[in-house]
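Colleague: Please work from the sequences and hints to get the whole structure.
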Amino acid sequence: MEDSTSEVKIGFRFLNLNKLQAFTLAKEVPGATYKMPRKKNYYVGCVPLTDTTIHDINDFYVRQNIDISSCDIFVSTVTEYDSYIIDVPQVVNHILKYIDCKLTYSFTVV
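For the sequence shown, position 20 (counting from the first letter as 1) is numbered 20 according to full-length UniProt numbering, and the numbering increases by one without interruption.
None of these hints come from the bench; they were simulated from the model. Any given hint could turn out to be false.
Quick list of the computed label-pair ranges, beta carbon to beta carbon [said to hold, decoys possible]:
| # | residue 1 | residue 2 | range |
| --- | --- | --- | --- |
| 1 | Tyr81 | Lys19 | 36 to 46 Å |
| 2 | Glu28 | Ser83 | 37 to 47 Å |
| 3 | Glu28 | Ile85 | 34 to 44 Å |
| 4 | Asp87 | Tyr42 | 26 to 36 Å |
| 5 | Asn65 | Val109 | 37 to 47 Å |
| 6 | Leu20 | Val110 | 29 to 39 Å |
| 7 | Ser83 | Lys19 | 40 to 50 Å |
| 8 | Tyr84 | Val62 | 30 to 40 Å |
Note that the Cβ used here is the ideal one computed from N, Cα and C, for glycine as well.
Modeller: Take a look at the structure:
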C-alpha cells in the first residue's frame, strides 16, 4: 500500500551534543539542525540522511568523538493508514557500514 498521503523521513540524530558541537554541526553539515529539549542541558542535532550527507555525518562523528550510544537513525512516517509497509531507503544500510548505531522508528496515523 503506497500513495501520496504517506510521507517517510530519514534523519541521523546526535542525541547529546554540547553547545559548541551543536553550532559546529549546523555550520559544517548541510541541512543539519539542532535544538535543546525542554528542561535539558544538552542539544539534539539532526541531519537529513541522504547519499550526499553520509560522509559529512561520519566526519563530524569521528572529529567530535561522539559515543555510539548518543546517535541513532530516525525513521518517521505519517500516514492515513493504520497498517502500512515502509520501504527504508538503501542510504540507511550505507550509513550503518560507517556508524553502526541503533534505529528508531516513529509511525503516526493522522
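Colleague: Decide, hint by hint, whether the structure agrees.
Modeller: Verification of the hints:
Checking the proposed 36 to 46 Å range against Tyr81 and Lys19 shows it holds: the Cβ atoms sit about 41 Å from each other. Take Glu28 and Ser83: their Cβ atoms lie about 40 Å apart, and the range 37 to 47 Å holds. In this structure the supplied range 34 to 44 Å holds for Glu28 paired with Ile85, their Cβ-Cβ distance being about 36 Å. Hint check: Asp87 to Tyr42, Cβ distance near 33 Å, so the stated range 26 to 36 Å holds.
Between Asn65 and Val109 the Cβ separation comes to about 39 Å, which falls inside the hinted range of 37 to 47 Å. Against the hinted window of 29 to 39 Å, the Cβ-Cβ separation of Leu20 and Val110 comes to about 38 Å, which satisfies the hint. Between Ser83 and Lys19, the C-beta spacing of about 42 Å keeps the proposed range 40 to 50 Å intact. For Tyr84 and Val62, the Cβ-Cβ distance of about 36 Å falls inside the hinted range of 30 to 40 Å, so the restraint holds.
When held up to the earlier numbered hints, the structure conflicts with none and fits them all.
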